[in-house]
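Counting in the UniProt record's numbering, the sequence shown runs from 1 upward without gaps.
There could be a bad hint or two in this list.
[What the hints assert, rightly or not] Computed Cβ-Cβ distance ranges for the label pairs, DEER-style:
1) I14 / F131: 55 to 63 Å
2) P18 / D49: 48 to 56 Å
3) S59 / W142: 54 to 62 Å
4) I26 / L76: 37 to 45 Å
5) S16 / L40: 22 to 30 Å
6) N90 / Q17: 54 to 62 Å
7) E69 / W142: 13 to 21 Å
8) F112 / P18: 35 to 43 Å
9) S115 / R141: 17 to 25 Å
[Unchecked claim] Only pairs whose alpha carbons sit at most 25 Å apart, straight line, appear in this in silico DMTMM-like list of lysine to aspartate or glutamate:
10) K97 / E45
11) K85 / E61
12) K97 / E123
13) K100 / D84
Hints were generated in silico from the structure; no laboratory data involved. Beta carbons are placed, not taken as given, at the ideal position from N, Cα and C, and that holds for glycine.
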Amino acid sequence: MERSIEGKLSKADIFSQPVAFNPNEITQVDTAIEALSASLNKFGEVNTDYMLSLMEDKSREELLSDLHERIYYNPLIHAYETADKFIAGNVIEKAEKIGKYLERHPQEENSFAASQSLNMLREAAPRPIPFEELDFNFGERWIPQG
Numbered sequence: 001m002e003r004s005i006e007g008k009l010s011k012a013d014i015f016s017q018p019v020a021f022n023p024n025e026i027t028q029v030d031t032a033i034e035a036l037s038a039s040l041n042k043f044g045e046v047n048t049d050y051m052l053s054l055m056e057d058k059s060r061e062e063l064l065s066d067l068h069e070r071i072y073y074n075p076l077i078h079a080y081e082t083a084d085k086f087i088a089g090n091v092i093e094k095a096e097k098i099g100k101y102l103e104r105h106p107q108e109e110n111s112f113a114a115s116q117s118l119n120m121l122r123e124a125a126p127r128p129i130p131f132e133e134l135d136f137n138f139g140e141r142w143i144p145q146g
């Protein structure tokens, strides 16, 4: 935890300043991917307003188009989420909730983006395994009847 400068030992930077993140503020990026990374680093979530402020020459539609299949609109929280976060967990239950939400709110401002997100969740849902294809071994703790 020390370093040598011109033969003289001194404490490492970790003792005097933050080293886990960049202390310099990012003010401009070249691509939508870089803007997404900056947003995730600063806020821990997709913040489209911040991302647009980093890319002066892009419109919201261009930004969202560039990030197609990297971020998805979640109408339940009225915000975009990364694909890794959105298409995770119980996707069947999440798809049902979003489907019901879209039925109750047909005039949703981002209904097209929400329907694309719903389609992606439905594609990610695992195929149900029929009972006949289940394999039971001798000594199983629980075997359903029927």
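Against the structure, the hints:
I14 and F131 have their C-beta atoms about 57 Å apart, which keeps the hinted 55 to 63 Å range intact. A beta carbon spacing of about 25 Å between P18 and D49 contradicts the range 48 to 56 Å that was offered as a hint. At roughly 56 Å, the beta carbons of S59 and W142 sit within the given window of 54 to 62 Å. For the hinted restraint 37 to 45 Å between I26 and L76, the CB-CB distance of approximately 30 Å leaves it violated.
S16 and L40 have their C-beta atoms about 27 Å apart, which keeps the hinted 22 to 30 Å range intact. Taken as a hint, the range 54 to 62 Å is violated for the pair N90 and Q17, whose Cβ atoms sit roughly 42 Å apart. Range check, E69 to W142: Cβ separation about 40 Å, and the 13 to 21 Å hint is violated. Between F112 and P18 the CB atoms are about 41 Å apart, so this pair conforms to the stated range of 35 to 43 Å.
At roughly 42 Å, the beta-carbon separation of S115 and R141 lies outside the given 17 to 25 Å, and the hint is violated. Note on K97 and E45: the hinted pairing holds, with a Cα-Cα distance of about 21 Å set against a maximum of 25 Å. For the hint linking K85 to E61, the alpha-carbon distance of about 22 Å falls within 25 Å, and the restraint holds. As the CA atoms of K97 and E123 are separated by approximately 15 Å, the hinted pair is consistent with the 25 Å bound.
Proximity of K100 to D84 is assessed by CA-CA distance (about 23 Å); at most 25 Å being required, the pair is judged to hold.
Checked against the numbered hints above, the structure breaks hints 2, 4, 6, 7 and 9 and satisfies the rest.
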